[in-house]
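Residue numbers (my numbering), protein chains in the order written: chain A, 62 to 367; chain B, 62 to 367.
In case anyone wonders, no lab produced these hints; they're calculated from the structure.
It is possible that part of the hints are untrue.
Repeated chains share a single entry, so a pair holds when one copy, or any two copies, can fit it.
[Claimed, not checked] Distance condition first, Cα-Cα at most 25 Å in a straight line; then the derived SDA-like pairs of lysine to any residue:
#: 1; residue 1: Lys315; residue 2: Ala229
#: 2; residue 1: Lys202; residue 2: Arg95
#: 3; residue 1: Lys202; residue 2: Glu294
#: 4; residue 1: Lys332; residue 2: Thr312
#: 5; residue 1: Lys202; residue 2: Val83
#: 6; residue 1: Lys202; residue 2: Lys332
#: 7; residue 1: Lys202; residue 2: Asn99
#: 8; residue 1: Lys202; residue 2: Ala302
#: 9; residue 1: Lys202; residue 2: Gly233
Since the model is a prediction, treat every value here as computed from it, not as a measurement.
Number of protein chains: 2
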Amino acid sequence: MPSSEFDLIYRYFSSLGAGPAVDLSVGDDCAILRLESNERLATSVDTMVEGVHFPENIFPEDTGFRAVSVAASDLAAMGARPIGMTVALTLPEADEFWINTFSQGIAQAVSAYDLPLVGGDTTRGPLTITVQVMGALPMDKAMLREGAQVGDIVYVSGTLGDAAGALAFLNGEWQPEPDAAEYLLDRFHRPRAQIELGSELLGNATSAIDISDGLLADAGHIASASGVCIELESAALPLSAALESNGNSDTVLKWAISGGDDYELCFTLPKGVSVPEGCTRIGQVVAGEGVKLDQNVDFETGYQHF
Amino acid sequence: MPSSEFDLIYRYFSSLGAGPAVDLSVGDDCAILRLESNERLATSVDTMVEGVHFPENIFPEDTGFRAVSVAASDLAAMGARPIGMTVALTLPEADEFWINTFSQGIAQAVSAYDLPLVGGDTTRGPLTITVQVMGALPMDKAMLREGAQVGDIVYVSGTLGDAAGALAFLNGEWQPEPDAAEYLLDRFHRPRAQIELGSELLGNATSAIDISDGLLADAGHIASASGVCIELESAALPLSAALESNGNSDTVLKWAISGGDDYELCFTLPKGVSVPEGCTRIGQVVAGEGVKLDQNVDFETGYQHF
């Protein structure tokens, strides 16, 4: 890419790189980050491809915010404290309006998650955004998928299925009222990584995962990694009024259990442990394998069964 | 991407994730890496797009090895000890032959650089490879671009221009003898990140950079970051016999000073400091700015002036 384009991009992004753990930010061969002496590094990478992971006509500000949120959600699921990220951006052309608005979405996420942008790469090609997040974990703690125990209670944060309801609306499958439509689109375009909840759960939850593939699929990852069965109750699933306004309870249930992209946390707590605000009990951990909904259906993974 | 494709990719990559600093590898929401208590994290990300950063008909094994080498070269330029990497792979289709041979190239690089593959993401789309490398640096040391001092001597490792000579051959611009062609193609397809040299220079070199954009451009980054002028002598530039076999000394000089992709290290040492094996003195640091070749030409950046 010509250096004038690098200059343009550098201008928009270079102010986002400062943070308490950042010794050296964008501009040299590597960025340098500092962990406390009793901490470890948690890291995860997510790629979003235009036309595959987000529609082509999405507002670039939302694309930027969402790309960071999706990656940061993996830090939340481990209970890690954000310390920095890199963004590798492949762009078909250096469109100043696009770069400007995209960078505003990145900046909002940097601020929302205290996640400074410490490095990146910009290349020419079909629009692809790869975000790698880095966080700090205490030396002796991490929330993994593998710790769920028989007898634990299963919880989920927030409400389920909103992003799937928004996608169905965007695809012309239903027409919510304006207020509901606005709420659902915000949930799809602006998912919030549950960083604070993850931090609160660290040391208490026996397992956790963020819901990116859908509740059944992701609860299935916990079941499989922990060697247990997860029983879920459909009547207990937290639903937004906007989603329920659809009126068709089968459709709404399908969105809630198999729709991805909500980026809420699903986690297990031992009985008697106090439950963080905004979280709902949706089931329990029993002996066996896989995920059961209402005790009569076996789901290996969510999506393929609908 | 359907889960059967994930299974395929997981099978090829899952054995590459173990290392002394790896507490948790591929398979959960994040990977977990451990630094020593007196160390900091150095990290860098590089994206390669098919048709832009490598030809479409390149052997997938070379693509994999080269993608890691290009990223690892940034660790070498900082003097960092490799601890792990992630590979975000966007693929047009799950071609088992491609994935198999690509993963062999990745595996060779994992082994060459002691750089375990601890995480990744696989998405559907035009072929794009993003490698993020992570390394450890002592708390009180790093080789930056900004430390060159007037009076320092400028060195480069290996030989220069070989990758540019190989590209010219691939583009049909000249026809080296078979042995020379083989040597040059290996230099282009299989660049070696100078990890050991970087480690040896850490604490001795006043500045360093890896040569990815060409000697003049990259020496220019040192000059600019350090606020000095770098004087280079064309007669001193180390050239391989294979490159010199081209016979046209102007062409060879152009490749050596402005060809990118050699991934050798350019660095500055104070006078009197012993020079690592395989490195050549190519110039000196003087007061001023920019890069001068043979004291009579001013170069802001290399590439645009040819």
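Homo-oligomer pair classification [Glu294, Lys202; C-alpha up to 25 Å]
Intra 30 Å, inter 55 Å, cutoff 25 Å: neither.
When Cα atoms must be at most 25 Å apart, do Lys315 and Ala229 count as within-copy, between-copy, both, or neither?
For Lys315 and Ala229, only the intra-copy Cα distance (12 Å) is at most 25 Å; the inter-copy one is 57 Å.
Homo-oligomer pair classification [Gly233, Lys202; C-alpha up to 25 Å]:
neither (45 Å within a copy, 57 Å between copies)
Within, between, both or neither: Lys202, Arg95 at alpha-carbon 25 Å:
Intra 18 Å, inter 13 Å, cutoff 25 Å: intra and inter.
As a check of your reading, is Lys202 near Ala302 (CA-CA no more than 25 Å) within one copy, between copies, both or neither?
Close neither inside one copy (37 Å) nor across copies (56 Å); limit 25 Å.
Identical-chain pair category, Lys202 with Val83, by Cα at 25 Å
Both. Shortest intra-copy (23 Å) and inter-copy (15 Å) distances satisfy the 25 Å Cα cut-off.
At 25 Å max between alpha carbons, let me know whether Lys202 reaches Asn99 within a copy, between copies, both or neither.
Both. Shortest intra-copy (11 Å) and inter-copy (20 Å) distances satisfy the 25 Å Cα cut-off.
Can you tell me if Lys332 and Thr312 fall within 25 Å by alpha carbon in one copy, between copies, both or neither?
Classified as neither: same-chain Cα gap 32 Å, cross-chain 75 Å, threshold 25 Å.
What label fits Lys202 with Lys332 when the C-alpha limit is 25 Å: within, between, both, or neither?
within (20 Å within a copy, 49 Å between copies)
When the structure is compared with the earlier hints, violations turn up for hints 3, 4, 8, 9 and for no others.
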